[in-house]
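*Asks:* Since chain E is already given, all that's left is putting chains D and B on it; use the hints.
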Amino acid sequence: MTPDETTKTTSEASDRQPTDGPASGSTRPLAQVPDVSVRPARGGGGHAVKVRGLNAYYGDLHSIKGVDLDCPANEVTALIGPSGSGKSTVVRCINRMHEEIPGARAEGSVTLDELDVYGPGVDVTSVRRLIGMVFQKPNPFPTMSIFDNVAAGLRLTGTKSDDLRELVHRSLRGVGLWDEVKDRLNEPGIGLSGGQQQRLCIARTVAVEPEVILMDEPASALDPVSTLKVEELIDELKERYTIVIVTHNMQQAARIADSTVFMLDGEVIEVGPTNDIFTNPKDERTERYVSGKFG
Amino acid sequence: MTVSKLPEISARRRRTDKFMRGTLVAAFVLALIPLVLVIYYLIYKGIGTWSKSFFTTDPNGNFFGYPGGARSAILGSIEIVGLASLISIPIGIGVALYLVEYGKQTAFANFVRYLTDVMTGVPSIVFGLFIYIVLVEAKVGGSGFTAWKGSIAVALLMLPVVARSAEVVLLLVPGSLREAALALGAPRWRVVWRIVLPTARSGLVTGSLLAIARGMGETAPLLFTTAGVFGLTFNLNAQMNAMPLQIYNDILSPRTEVNNRAWGIALVLVTLILILNLLARAVSRRSRVA
Amino acid sequence: MDASAATVTGDRSVLERSPAARLPDRILKWGLTALAVLILALLVYFFVRLIGESRLAFSKFGLSFIFANNWNVATNTYEAWALVVGTLITSAIALLLGVPVAVATALFLTELCPVRLRSGFAVMVDLLAAVPSVVYGLWGVFFLCPKLLPAEKWFASTFSFIPWIGGGTPTLYNVFIAGLILAIMILPIVSAISREVLTTVPRDNKEAALALGATRWEMMRMAVLPYSKAGIAGGAMLGLGRAIGETIAVVLVVGNAPQIPKHLFNQGYTLAAVIANEFGEASNVAIHSSALFACGLVLFVLTLFVNFFARRIVVRGTTDKRRRRLPRRKGAAKVAAPAVEAGSG
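Chains as they are written, first to last, in our numbering: chain E, 1 to 295; chain D, 1 to 290; chain B, 1 to 345.
Incorrect hints may have been included.
Claimed, not checked - Okay, derived cross-link-like pairs now, EDC-like style, lysine to aspartate or glutamate, Cα gap no bigger than 16 Å in a straight line: (1) D/K18 x E/D123; (2) E/K50 x E/D68; (3) E/K50 x E/D60; (4) D/K5 x E/D116.
Said to hold, decoys possible - To list a few chain E residues with every Cβ distance to chain D over 12 Å, as calculated: (5) Y58; (6) T143; (7) V208.
Unchecked claim - Across the chosen pairs, the derived CB separations fall in these ranges: (8) E/N186 x B/I287: 56 to 64 Å; (9) B/V123 x E/G59: 17 to 25 Å; (10) B/L88 x D/A107: 30 to 38 Å; (11) B/F161 x D/T56: 52 to 60 Å; (12) D/L278 x B/V37: 32 to 40 Å; (13) E/P102 x D/L197: 33 to 41 Å; (14) E/G59 x D/T106: 41 to 49 Å.
None of these hints come from the bench; they were simulated from the model.
Just so you know, these numbers come straight off a predicted model, no measurement behind them.
Idealized CB from N, CA, C, for every residue including glycine.
Chain E on its own, in the form it takes in the complex (with noise of 0.2 Å):
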């Protein structure tokens, strides 16, 4: 890696500050700070996810080998990695949305905090409620309107519809949807913005108050604002949930993880403190990868 490369990563990841307060002069693009509204802190601590032995399979082949991860609690963990590293597989399984996939299953330990999600008997519909998921191209309810979505998991354990109120309000204060979209609730989702859109996705697995939240590339196909507020967003999220990220801008994964993990063909190359991979990492293969070199 260049010098050049070296300093332009450590200057870019000391330019993203953690929210401390609001924005001094224009380094913030947004103006507002988002009202956001503090959900009672869950008994004083954050989720941590571990990953052990885990193995993914689509049909015969076997795609995901013995991986092991440790996603600490509230904070980011992003996994970076060529197309194909098996990224997204492992992260789908995280909330055992990967064997939803004809012919694909798992096997191995995924443990939030002690609960195994991979254990006997464990209801899978009880899992995903536990951890959320945001997709890679923003995928509101077309028949729905913008209340209605971020509602939907709400009305799946039939919340009454004075709470279900006020937490799809506070729900969307809390993505810094409110302003923009109040006075327009009962519109479709889909009438909004690819950004706006994302945020709505995410103010509806909020909604439903998760302990982790997955991200599949959540930015990809977004525009570079747009992108920035939903990193933002997840900077601000993060003191809440542990979130788990796929992504393949490194830049990105530079900002706001706190640990990365690269991965190629399936397995786990390195882990370690954002910083560290990006400016010092130990394995030669992780090293080309952040550097350019290939993929």
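*Replies:* What follows is chains D and B alone, placed relative to chain E:
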């Protein structure tokens, strides 16, 4: 620190899920019951009537004694539908070719497409009435009810089916294929004849076979155009028998032996239709165009 | 291939061809166009002739041909309201019984069925369409009608408190059986269209629902059915169109009594059935045959309307709602449905 615990999925939700899934499976089974019953009865009651004389003698309309076989009906169907296919398949493919190669998105072409769609919704009896008015009543060709008029009525029925499926198949021929040929300087007609049609061949065959299967089963159009007779004839300019007509007549007969013969003919008819469907499937599986 | 001048014009055909070489092309083009025009002209001609043949009946009975109830062959009075009602009742029964089962079957095949069994099972459902109308009629007359009669009697007496549905004495041939057989006949087409509509639901939305912690059924309710509503409705309407026009199976089992059925298991008559049934005896009686043609005209117009609206709804139902754009071709929309969902980002 509070440790993660799985939220409870309410029993009601679980029950609803199980119940609805069970309902969907039950509906599927329910949908298949008539199919099984029809096929079972066809075989159970039909096989018994199959015999050498069944296939070699004609129905005779007698009130006593042996009611005759089904030969004229079977052969008549083949003749009538055969002629109908000769008419409708080339024309249907022609219309599809027009739509895909020349008309494309013009207003007129879209109108033709719309009409073709409309034609598939027209009840077969209406086609029968059309032909009756225009050809039979007017005694076109010298006589009233004739087989070829029945063929035209059936052809009208088959035409939109052929045209629609042909259009689908022709659209699947990659544009790049056409463009490559055109870029080599080949005239359009040659591109169509040498490249487009052969590539689409199996799809066209499939569509045609399915249209033929459809045509074989139609009764209503024949009622007013051919108005079957019992005797065997190869004269397309005379009245001719056909399987659906004979079955219809046999159902209405008071004689049980004749009713039973209806089952036998129905079994032949359905068997032929199934064979055509299987052939169509086999051909489409070997298709070059996905 | 003749090339008389090589001029780069910027269009597709770079080289000029002599007029003679272009001739086969023109013949083909104009020939095919003429074909299309011919078909169009033929249809218009048929329609006009049908109107012509019906005129006698309409001039004698006026609008009460359709709206008055007195179809009496003996007195040569032909007022067809009972036939219209019969057509509507049998079709309504067909829809009520057939559409839910068809949609449920389609849901089963697209959402629950193991993938490797999917096409096999779908073929089986589609086979229902391979059975010709006359064979359903045969099966109806000799199997279904006698077999169901005891059950119908039980039903009518048990539910006698419900007006029209219960309380009467079932006859062997009745509108219910006709509706039931029609339901079986429209099932494959409604199911096939529903299946096509259901497969256009974006996988993304289904996954989003599951990721929120929805059960399979809840996912269908949230992400699949609302998306597919319009398309399925269109499919149901196409089934309706088919049911309205169905002749042979109905004429064999509906009872052929020109009356408004007094209860569910009573005899009735439909526009299509009367034509098939009375055509023979009507051929020498001008007013009778004109009345039958008029029935055919009413039937034709009815199916045109139903199919017209049905196709519009199906087209709207198979467009990708996320793009909120209509496909440019109506006919191709049903085929291109998967293609509409293509594209990245």
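*Asks:* Determine for every hint whether it applies to the structure shown.
*Replies:* For each hint, the structure was consulted:
no.: 1; hint: D/K18 x E/D123; result: holds, 14 Å
no.: 2; hint: E/K50 x E/D68; result: holds, 8 Å
no.: 3; hint: E/K50 x E/D60; result: violated, 26 Å
no.: 4; hint: D/K5 x E/D116; result: holds, 10 Å
no.: 5; hint: Y58; result: holds, 22 Å
no.: 6; hint: T143; result: holds, 19 Å
no.: 7; hint: V208; result: violated, 9 Å
no.: 8; hint: E/N186 x B/I287: 56 to 64 Å; result: holds, 60 Å
no.: 9; hint: B/V123 x E/G59: 17 to 25 Å; result: holds, 24 Å
no.: 10; hint: B/L88 x D/A107: 30 to 38 Å; result: holds, 35 Å
no.: 11; hint: B/F161 x D/T56: 52 to 60 Å; result: holds, 58 Å
no.: 12; hint: D/L278 x B/V37: 32 to 40 Å; result: holds, 37 Å
no.: 13; hint: E/P102 x D/L197: 33 to 41 Å; result: holds, 37 Å
no.: 14; hint: E/G59 x D/T106: 41 to 49 Å; result: holds, 47 Å
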